[in-house]
Amino acid sequence: MCNLYNVTTTQEAIRQLSKTFRDIAGNIQPSLDLYPDQMGPIVRNAPDGVRELARVRWGLPSSSQALFEATKKRADKFRAKGRDVDDAAFQELLKMEPDGGTTNVRNTASRHWSRWLGIENRCVVPLTSFAEPNPSAKVEGGRTPNAWF
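Everything in the sequence shown is counted per the working numbering, starting at 1 for the first residue and increasing by one.
FYI, nobody ran anything at the bench for these hints, they're computed from the structure. Errors might be hidden in some of the hints.
Stated by the list, open to error - The calculated lysine-lysine pairs, modelled on DSSO-like cross-linking and capped at a C-alpha distance of 27 Å, are:
| id | residue 1 | residue 2 |
| --- | --- | --- |
| 1 | Lys72 | Lys95 |
| 2 | Lys81 | Lys95 |
| 3 | Lys95 | Lys77 |
Unchecked claim - Label-pair distances were calculated between CB atoms; the ranges are:
| id | residue 1 | residue 2 | range |
| --- | --- | --- | --- |
| 4 | Glu140 | Leu93 | 35 to 45 Å |
| 5 | Pro47 | Lys19 | 16 to 26 Å |
| 6 | Thr144 | Asn107 | 38 to 48 Å |
| 7 | Asp37 | Leu94 | 13 to 23 Å |
| 8 | Lys73 | Gln29 | 21 to 31 Å |
| 9 | Arg122 | Asp37 | 18 to 28 Å |
| 10 | Ser136 | Ser64 | 16 to 26 Å |
Backbone N, C-alpha and C define an ideal beta-carbon position, used for all residues, glycine too.
Construct the entire structure; sequences and hints are all you get.
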């Protein structure tokens, strides 16, 4: 999935289109740009079977491998500053490593993702457009602009 999308429709339009019976989303502003780790609207089947509109954090928990790699980088930075990071210290760092989550699940055969693939974890993400980086439109010395779809 992309790392930026936009919702320009109204909350009522989302409810009508999705035939939502319960709305627990609070006030959703139209023309909302959403990035990973932000709260965004979804339509899901609640555990009691009722279709509901809710706001949830965008992303899934990182895999243990991703957290391990992030901790290795953090430990290397400490070592570069002269701090000793033994196995016990590394394990403490690993426990404290913040999980920024992920928005791209590319290997659905991975054991980590299998628990999230069931129908009970599926939802519809209402969006009007999404953006992907557009390297061909980049101006030298500038940032890579987005192409909106």
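#### Entry: Lys95 paired with Lys77 [C-alpha distance capped at 27 Å]
holds (17 Å)
### Query
Does 16 to 26 Å hold as the CB distance between Ser136 and Ser64, or does it fail?
37 Å Cβ-Cβ, so the 16 to 26 Å window is violated.
### Message
A range of 16 to 26 Å was offered for this pair. Does it hold for the Cβ distance of Pro47 and Lys19?
### Response
holds (18 Å)
### Task
Below or equal to 27 Å on CA atoms is what counts here, so check Lys81 against Lys95.
Holds, at about 21 Å.
### Task
Just tell me: holds or violated, for the beta carbon distance of Asp37 and Leu94 against 13 to 23 Å?
The hinted range 13 to 23 Å holds for Asp37 and Leu94, with Cβ atoms some 21 Å apart.
#### Entry: Distance restraint hint 38 to 48 Å, applied to the beta-carbon atoms of Thr144 and Asn107
Violated, since Thr144 and Asn107 (Cβ atoms, about 26 Å apart) do not stay within the stated range.
### Task
Check the following: the C-beta atoms of Glu140 and Leu93 are separated by a distance inside 35 to 45 Å.
Hint holds: Cβ distance 39 Å, inside 35 to 45 Å.
### Pair hint Lys72 and Lys95, alpha-carbon separation not exceeding 27 Å
Since the Cα atoms of Lys72 and Lys95 sit roughly 12 Å apart, the hinted pair holds (cutoff 27 Å).
### Query
Between Lys73 and Gln29, is the Cβ distance one that fits in 21 to 31 Å?
violated (36 Å)
### Message
Is 18 to 28 Å respected by the C-beta to C-beta distance linking Arg122 and Asp37?
### Response
holds (20 Å)
In this structure, the earlier hints numbered 6, 8, 10 are contradicted, and the remaining ones agree with it.
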